[in-house]
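As a plain string of letters, each chain reads:
Number of protein chains: 2
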Amino acid sequence: MDWILYVITDAKLSHGRSHLEVAQAAIEGGASIIQFREKEMTTRQLMETARKIKELTDKANIPLIVNDRLDVALAVDADGVHVGQDDMPATLARQLIGPHKILGVSASTVEEALQAEKDGADYVSASPVFTTPTKPDAPSPTGLEGLRAIVEAVNLPVIAIGGINEENATEVIACGADGVAVISAVVSAPDITAAARRLRETVEAARKGA
Amino acid sequence: MDWILYVITDAKLSHGRSHLEVAQAAIEGGASIIQFREKEMTTRQLMETARKIKELTDKANIPLIVNDRLDVALAVDADGVHVGQDDMPATLARQLIGPHKILGVSASTVEEALQAEKDGADYVSASPVFTTPTKPDAPSPTGLEGLRAIVEAVNLPVIAIGGINEENATEVIACGADGVAVISAVVSAPDITAAARRLRETVEAARKGA
Chain G
0 MDWILYVITD
10 AKLSHGRSHL
20 EVAQAAIEGG
30 ASIIQFREKE
40 MTTRQLMETA
50 RKIKELTDKA
60 NIPLIVNDRL
70 DVALAVDADG
80 VHVGQDDMPA
90 TLARQLIGPH
100 KILGVSASTV
110 EEALQAEKDG
120 ADYVSASPVF
130 TTPTKPDAPS
140 PTGLEGLRAI
150 VEAVNLPVIA
160 IGGINEENAT
170 EVIACGADGV
180 AVISAVVSAP
190 DITAAARRLR
200 ETVEAARKGA
Chain A
0 MDWILYVITD
10 AKLSHGRSHL
20 EVAQAAIEGG
30 ASIIQFREKE
40 MTTRQLMETA
50 RKIKELTDKA
60 NIPLIVNDRL
70 DVALAVDADG
80 VHVGQDDMPA
90 TLARQLIGPH
100 KILGVSASTV
110 EEALQAEKDG
120 ADYVSASPVF
130 TTPTKPDAPS
140 PTGLEGLRAI
150 VEAVNLPVIA
160 IGGINEENAT
170 EVIACGADGV
180 AVISAVVSAP
190 DITAAARRLR
200 ETVEAARKGA
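Quick mapping for you: the protein sequence lines, in order, are chains G and A.
For the record, in the first sequence the residue sitting at position 139 is 138 according to numbering that gives the first Met the number 0, with numbers rising by one throughout.
For the record, in the second sequence the residue sitting at position 193 is 192 according to numbering that gives the first Met the number 0, with numbers rising by one throughout.
Hints may be right or wrong, so weigh each one.
Given that identical chains are not distinguished, each listed pair holds provided it fits within a single copy or across any two copies.
Unchecked claim - Below, simulated SDA-like cross-link-like pairs (lysine to any residue); rule was C-alpha separation at most 20 Å, straight line:
hint, residue 1, residue 2
1, K207, D177
2, K53, P88
3, K134, Q44
4, K117, R43
5, K53, L91
6, K53, S17
7, K134, M40
8, K53, L19
9, K58, E27
10, K51, P88
11, K11, E39
12, K207, E166
13, K51, G175
14, K117, Q94
15, K51, L91
16, K38, Q84
17, K53, P135
18, K58, K207
19, K11, T41
20, K38, D85
21, K134, R43
22, K53, R16
23, K207, L55
24, K207, H14
25, K117, G97
26, K117, L95
27, K51, D85
28, K51, E151
Rather than coming from a laboratory, the hints here were simulated on the basis of the structure.
Sequences and hints are given; from them, build the entire structure.
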């Protein structure tokens, strides 16, 4: 698993481009994981869309993670599921998906991150690191200190999410994050592939420096 | 299994009463199955609500069916799941819930009902039988002839849904339906328990006549 650039598709922030277009462009720019996040579609539409994205991620040999909807993840045999604190509790998610699929859990505090580790998470996303317009109802940002505290507390890979962009990615990696997860910095960019590529290069350079 | 009175909770149609209040009142009036249907809540809220309803249905020794959300059904160990034509395909739902849980499938045509039977459904809901304000995007009503055709085509229990009330329940049962499913006729009533009781008595009388 390479956590370097985790791109979350969000059709609403993509200026009319579909999940599929966003995923393909992000993969071309070097996304190492795609998360499919969608709250509006019917279950049938979620499955059909997830299945098409999975063809792309399979071809690129990277994992597809489904946000929240464990039923959709199981139905399309996605590589994993990501749960937030408003979604299914991680212990139960782990029971239902079995030991082999990837389980990601959002954590905004050290306590939540330690709980996620205990509950069987494969990675935690420290979220949000910075304030972000993407999730207006998100918890208080961890800031760089909070991110560092989470990295130090758990033995899992930590992905930083929330307001990450080319400007701050270097300091985020310097805190020990294994990678960055982005929505708007990539999916809202006029050129998604170019934005992904620049961000990936920034993280790669930061990793060498770290 | 007694299909006589299948009540679907819908918080939006319940004039401020919660899923839990609606379920409890319907059970007191003789509901023989409760279906929890909710499209707005977070997964965590869905689970918490479903779990509380399950305490009520367990106590009453009747099944709890979760609409659409197989993840929630599995998480709370509901008795079954109901899928519509916009939800997970029935074959896949059957695979994921295993052979023991109840699988219900909505069918508006004989073809859909036969497919549901082939796909492993335990019952089909012929829906909608009449036009209903509850589901503005529903397919064309089957009418009584369409309901009768579905009853004759499949070897499964058939539950009639869509615009069913005390006035038309008798002719619906005369078409061979095993029971009636209702939303507004019960959950929107000023006295849910009384409405459920009257409808149940109507269906019981109709069964004796049929």
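Status of the hints after comparison with the structure:
For the homomeric pair K207 and D177, the shortest alpha-carbon distance inside one copy (12 Å) is at most 20 Å, but the shortest distance between copies (69 Å) is not. In this assembly of identical chains, K53 and P88 lie within 20 Å of each other by CA distance solely across copies; the values are 18 Å between and 25 Å within a copy. In this homomeric assembly, K134 and Q44 come within 20 Å of each other (Cα to Cα) only across copies, at 18 Å, whereas the closest approach inside a single copy is 23 Å. In this assembly of identical chains, the alpha carbons of K117 and R43 lie at most 20 Å apart only when taken from different copies (19 Å versus 33 Å within one copy).
When the C-alpha separation of K53 and L91 is checked against a cutoff of 20 Å, the pair qualifies only between copies, where the shortest distance is 17 Å, while the shortest distance within a copy is 24 Å. In this assembly of identical chains, K53 and S17 lie within 20 Å of each other by CA distance solely inside one copy; the values are 14 Å within and 39 Å between copies. In this assembly of identical chains, the alpha carbons of K134 and M40 lie at most 20 Å apart whether taken from the same copy (18 Å) or from different copies (16 Å). Taking the shortest Cα distances, K53 and L19 sit within 20 Å of each other inside one copy (10 Å), while across copies they are farther apart (38 Å).
Within a single copy, K58 and E27 get their C-alpha atoms as close as 11 Å, which meets the 20 Å cut-off; across copies the closest is 55 Å, which misses it. For the identical chains of this complex, K51 and P88 are inter-copy neighbours only, at 16 Å across copies versus 27 Å inside a copy, given an alpha-carbon limit of 20 Å. Taking identical chains as interchangeable, the C-alpha atoms of K11 and E39 lie at most 20 Å apart whether they share a chain (10 Å) or sit on different chains (18 Å). Taking the shortest Cα distances, K207 and E166 sit within 20 Å of each other inside one copy (17 Å), while across copies they are farther apart (75 Å).
Within a single copy, K51 and G175 get their C-alpha atoms no closer than 34 Å, and across copies no closer than 42 Å, so neither meets the 20 Å cut-off. For the identical chains of this complex, K117 and Q94 are intra-copy neighbours only, at 13 Å inside a copy versus 29 Å across copies, given an alpha-carbon limit of 20 Å. In this assembly of identical chains, K51 and L91 lie within 20 Å of each other by CA distance solely across copies; the values are 17 Å between and 27 Å within a copy. In this assembly of identical chains, K38 and Q84 lie within 20 Å of each other by CA distance both inside one copy and across copies; the values are 15 Å within and 18 Å between.
For the homomeric pair K53 and P135, neither the shortest alpha-carbon distance inside one copy (29 Å) nor that between copies (33 Å) is at most 20 Å. With identical chains, the CA atoms of K58 and K207 are never at most 20 Å apart, being 28 Å at best within one copy and 61 Å at best between copies. Taking the shortest Cα distances, K11 and T41 sit within 20 Å of each other both inside one copy (16 Å) and across copies (19 Å). For a Cα distance limit of 20 Å, the shortest separation of K38 from D85 qualifies both inside one copy, at 13 Å, and across copies, at 15 Å.
In this assembly of identical chains, the alpha carbons of K134 and R43 lie at most 20 Å apart only when taken from different copies (17 Å versus 25 Å within one copy). For the identical chains of this complex, K53 and R16 are intra-copy neighbours only, at 17 Å inside a copy versus 41 Å across copies, given an alpha-carbon limit of 20 Å. Proximity of K207 and L55 under a CA criterion of 20 Å is satisfied in neither setting, with 29 Å inside one chain copy and 58 Å between copies. Within a single copy, K207 and H14 get their C-alpha atoms no closer than 34 Å, and across copies no closer than 60 Å, so neither meets the 20 Å cut-off.
Proximity of K117 to G97 under the C-alpha cut-off of 20 Å is restricted to the intra-copy arrangement: shortest distance 15 Å within a copy versus 28 Å between copies. Taking identical chains as interchangeable, the C-alpha atoms of K117 and L95 lie at most 20 Å apart only when both belong to the same chain, with a minimum of 16 Å there against 26 Å between chains. For a Cα distance limit of 20 Å, the shortest separation of K51 from D85 across copies, 17 Å, qualifies, whereas the shortest one inside one copy, 27 Å, does not. In this homomeric assembly, K51 and E151 never come within 20 Å of each other (Cα to Cα): the closest approach is 37 Å inside a single copy and 38 Å across copies.
Checked against the numbered hints given earlier, this structure breaks hints 13, 17, 18, 23, 24, 28; the rest are met.
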